[in-house]
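Whole structure, please, built from the sequences with the hints as guidance.
Residue numbers in the sequence shown follow the working numbering, run continuously in steps of one, and reach 760 at the last position.
Just so you know, the hints here were simulated from the structure itself, not pulled from any lab data. Heads up, the beta-carbon is just placed ideally off N, CA and C, and yes, glycines get one too. A portion of the hints provided could be inaccurate.
The following label-pair restraints were derived from C-beta to C-beta distances [said to hold, decoys possible]:
#1 Asn626 with Arg461: 50 to 56 Å
#2 Lys483 with Lys405: 26 to 32 Å
#3 Lys418 with Gln746: 30 to 36 Å
#4 Leu407 with Glu361: 27 to 33 Å
#5 Ser731 with Lys418: 52 to 58 Å
#6 Lys354 with Asn684: 31 to 37 Å
#7 Glu622 with Leu502: 38 to 44 Å
#8 Asp476 with Leu743: 19 to 25 Å
#9 Pro397 with Lys483: 33 to 39 Å
Result set (DSSO-like, lysine-lysine): computed pairs, CA atoms no more than 30 Å apart in a straight line [to be verified]:
#10 Lys741 with Lys552
#11 Lys553 with Lys733
#12 Lys692 with Lys724
#13 Lys728 with Lys483
#14 Lys331 with Lys483
#15 Lys466 with Lys759
#16 Lys329 with Lys415
#17 Lys483 with Lys757
#18 Lys692 with Lys421
#19 Lys405 with Lys415
#20 Lys354 with Lys331
#21 Lys378 with Lys354
#22 Lys741 with Lys758
#23 Lys759 with Lys483
#24 Lys757 with Lys415
#25 Lys331 with Lys757
#26 Lys375 with Lys741
#27 Lys728 with Lys692
#28 Lys418 with Lys758
#29 Lys466 with Lys415
#30 Lys759 with Lys421
#31 Lys378 with Lys415
#32 Lys419 with Lys758
#33 Lys759 with Lys354
#34 Lys331 with Lys444
#35 Lys614 with Lys552
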Amino acid sequence: MIVPSNREQKHKFILSGGGTGGHIFPAIAIANALKNRFPDSEFLFVGALGKMEMEKVPKEGFEIVGLPIEGLRRSASPRNLLLIIKTLYSFVLARKILKKFKPSAVIGTGGYASLPICFMATMAKIPTILQEQNGYAGLSNRILANKASMICTGFPDMQTFFTKGNWLFTGNPVRENIRAIGLITNPFLETEKRTDTAMGSSTIDSGKQNEVTEIVDDAQKALMQEEKVSAIKKKAIAVAGARSKFGLDPNLPVLFVTGGSLGAFSINEALFANMVFLAESGIQLIWQMGQAYAKSHTQAIAEIIENQATLFVHKTSSHIFYAPFIVEMDQAYLAADIVISRAGALSIAEIAVVGIPAIFVPSPNVTDDHQTKNAMELVNRHAALCVSDDAAAEQLIATAISLLKDSEKQSSIKHALLRIAKPLATQTIATIIEECLKKKV
320 MIVPSNREQK HKFILSGGGT GGHIFPAIAI ANALKNRFPD SEFLFVGALG
370 KMEMEKVPKE GFEIVGLPIE GLRRSASPRN LLLIIKTLYS FVLARKILKK
420 FKPSAVIGTG GYASLPICFM ATMAKIPTIL QEQNGYAGLS NRILANKASM
470 ICTGFPDMQT FFTKGNWLFT GNPVRENIRA IGLITNPFLE TEKRTDTAMG
520 SSTIDSGKQN EVTEIVDDAQ KALMQEEKVS AIKKKAIAVA GARSKFGLDP
570 NLPVLFVTGG SLGAFSINEA LFANMVFLAE SGIQLIWQMG QAYAKSHTQA
620 IAEIIENQAT LFVHKTSSHI FYAPFIVEMD QAYLAADIVI SRAGALSIAE
670 IAVVGIPAIF VPSPNVTDDH QTKNAMELVN RHAALCVSDD AAAEQLIATA
720 ISLLKDSEKQ SSIKHALLRI AKPLATQTIA TIIEECLKKK V
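Quick look at the structure:
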């Protein structure tokens with residue numbers, strides 16, 4: 320009898336996480352990686368009714384069922400009694416889902432939506448793998464940690480939250496097109512990691528070996544230098560192409576600013592007040608203002624550009640590109656010298672993989688102030704700069720201009736970023752899940 324290999328077996332996977340894109344995207348990325356490894360397997364997502372995962376997941380081709388669970392109010396509220404009832408009912412439904420679907424493994428990517436199904440999976444001794452995106456672990460993952468098979472973290476040094484030791488710093492999943500940009504923007508990464516060729520000594524005496532080693536080393540160094548020159552040229556061409564897509568001058572510095580898909584008031588206001596100053600300083604701008612600010616900012620920006628046409632509009636290029644939402648984020652990263660961004664875990668993962676120096680403005684409106692903790696993880700490793708939300712009006716643009724003028728600082732930040740970048744995070748997480756399947760833990 321021929322026993323099929325692990326990858327030929329038909330597995331069933333439940334993935335759960337939601338409420339925000341920061342929990343949904345990793346779940347979808349992991350599902351796609353597992354689908355590539357186990358093509359005949361079945362997938363079921365479990366989310367929270369009425370939340371964005373109920374719309375996003377089906378668009379990616381996966382089935383999803385919703386639980387009536389909601390997040391508890393952190394302050395005392397009469398509604399919490401109803402929410403507790405909904406939560407308990409969600410646990411009952413989760414148990415029924417497990418009995419009916421019979422998953423080989425359950426993967427939770429955080430958020431309150433993941434708690435019932437992952438908790439019931441651990442009770443049923445089903446391999447349960449968690450993925451924690453942030454530097455400050457979420458409540459659901461903290462509750463589940465000790466019973467989980469393995470926890471894949473987006474940040475190092477998570478032992479404070481996961482004391483059992485069943486965790487591994489894998490990094491957070493990044494989009495494939497972003498990972499591809501990282502290969503362009505960091506052309507030296509692979510060549511610099513090569514080891515020198517080891518010379519055997521069985522047929523060469525020591526004097527001759529030293530001589531031959533020097534010849535080989537010189538030849539290898541010459542080859543690496545040639546590859547570096549070629550990579551630099553390719554990068555320059557790619558950057559110029561990306562800047563032309565946004566109508567920018569390929570020879571002037573570019574600041575990319577994003578406050579996320581909805582936008583960030585503090586970032587937008589700082590930029591709006593300094594548009595002319597940036598243009599006068601010879602700094603070009605790619606600005607994703609966010610859907611929430613499309614109406615209020617688009618016309619006002621257009622009027623400033625019209626009144627200062629000699630600064631912003633040139634024969635072959637403009638000094639500014641602005642839009643409520645930028646689809647080609649990979650090209651924006653490629654075109655930019657530095658980026659201003661919120662400090663969401665997935666944004667940080669992408670910025671690290673691309674290796675672009677960043678100034679983070681953490682959102683003050685998130686649970687446990689986790690964006691500040693995310694940003695400080697990088698700041699403490701000299702891999703980013705940080706400006707608080709309430710200081711953005713006074714400090715943000717000055718900090719950006721200072722960084723744009725300091726090529727040594729940019730280089731230092733870039734190298735620190737690349738030391739913590741995890742471009743193969745999704746594949747690593749899939750491998751961990753595969754190992755848990757083999758061990759049935």
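Evaluated hints:
Separation of Asn626 from Arg461 is about 53 Å and conforms to the stated range, judged on CB atoms against 50 to 56 Å. Between Lys483 and Lys405 the beta carbons are some 30 Å apart, a value that agrees with the proposed interval 26 to 32 Å. With their beta carbons about 32 Å apart, Lys418 and Gln746 fall inside the hinted range of 30 to 36 Å. Checked against the given bound of 27 to 33 Å, the beta carbons of Leu407 and Glu361, roughly 28 Å apart, stay inside it.
Judged by the Cβ atoms, the range 52 to 58 Å given for Ser731 and Lys418 holds: they are separated by roughly 55 Å. Taken as a hint, the range 31 to 37 Å holds for the pair Lys354 and Asn684, whose Cβ atoms sit roughly 35 Å apart. A hinted range of 38 to 44 Å for the beta carbons of Glu622 and Leu502 is consistent with their spacing of about 41 Å. The hinted window of 19 to 25 Å between Asp476 and Leu743 holds, with their beta carbons roughly 20 Å apart.
Hint check: Pro397 to Lys483, Cβ distance near 37 Å, so the stated range 33 to 39 Å holds. Annotation: proposed proximity of Lys741 to Lys552 holds, straight-line Cα distance about 25 Å (limit 30 Å). A distance of roughly 19 Å separates the Cα atoms of Lys553 and Lys733; the hinted pair therefore holds under the 30 Å criterion. With a C-alpha separation of about 27 Å, the suggested pair Lys692 and Lys724 falls inside the 30 Å cut-off, and the hint holds.
Distance restraint check for Lys728 and Lys483: the Cα-Cα separation of roughly 38 Å exceeds the 30 Å cut-off, and the hinted pair is therefore not satisfied. Straight-line distance between C-alpha atoms of Lys331 and Lys483 comes to about 27 Å, which keeps the hinted pair within the 30 Å bound. At roughly 14 Å between alpha-carbon atoms, Lys466 and Lys759 fall within 30 Å of each other, so this suggested pair holds. Distance check on the hinted pair: Lys329 and Lys415 sit about 21 Å apart at the alpha-carbon level, within 30 Å; holds.
Restraint check for Lys483 and Lys757: the C-alpha separation of about 21 Å stays at or below 30 Å, so the hint holds. Only pairs whose Cα atoms come within 30 Å are accepted, and Lys692 paired with Lys421 is rejected, the gap being roughly 38 Å. For the hint linking Lys405 to Lys415, the alpha-carbon distance of about 15 Å falls within 30 Å, and the restraint holds. Distance check on the hinted pair: Lys354 and Lys331 sit about 10 Å apart at the alpha-carbon level, within 30 Å; holds.
Between Lys378 and Lys354 the CA atoms are separated by roughly 16 Å; this keeps the pair inside 30 Å, and the hint holds. Restraint check for Lys741 and Lys758: the C-alpha separation of about 25 Å stays at or below 30 Å, so the hint holds. Of the supplied pair hints, the one linking Lys759 and Lys483 holds, its CA atoms being roughly 19 Å apart against a limit of 30 Å. Our distance criterion of 30 Å between C-alpha atoms is met by Lys757 and Lys415, whose separation comes to about 25 Å.
At most 30 Å may separate the alpha-carbon atoms for a hinted pair to count; Lys331 and Lys757 meet this at roughly 14 Å. Straight-line distance between C-alpha atoms of Lys375 and Lys741 comes to about 25 Å, which keeps the hinted pair within the 30 Å bound. Among the hinted pairs, Lys728 with Lys692 is consistent with the structure: their alpha-carbon atoms are about 22 Å apart, no more than 30 Å. Of the supplied pair hints, the one linking Lys418 and Lys758 holds, its CA atoms being roughly 21 Å apart against a limit of 30 Å.
Proposed proximity of Lys466 and Lys415 is supported: the alpha carbons are some 20 Å apart, at most 30 Å. Of the pairs offered as hints, the one joining Lys759 and Lys421 holds, with about 14 Å between alpha carbons and a cut-off of 30 Å not exceeded. Our distance criterion of 30 Å between C-alpha atoms is met by Lys378 and Lys415, whose separation comes to about 25 Å. This hinted pair checks out: Lys419 and Lys758 have alpha carbons roughly 23 Å apart, not beyond 30 Å.
The hinted pair formed by Lys759 and Lys354 meets the criterion: a straight-line CA distance of about 19 Å does not exceed 30 Å. For the suggested pair Lys331 and Lys444, the alpha carbons sit about 15 Å apart, so the restraint of at most 30 Å is met. A C-alpha spacing of about 41 Å is found between Lys614 and Lys552, which places the hinted pair above 30 Å, so the restraint is violated.
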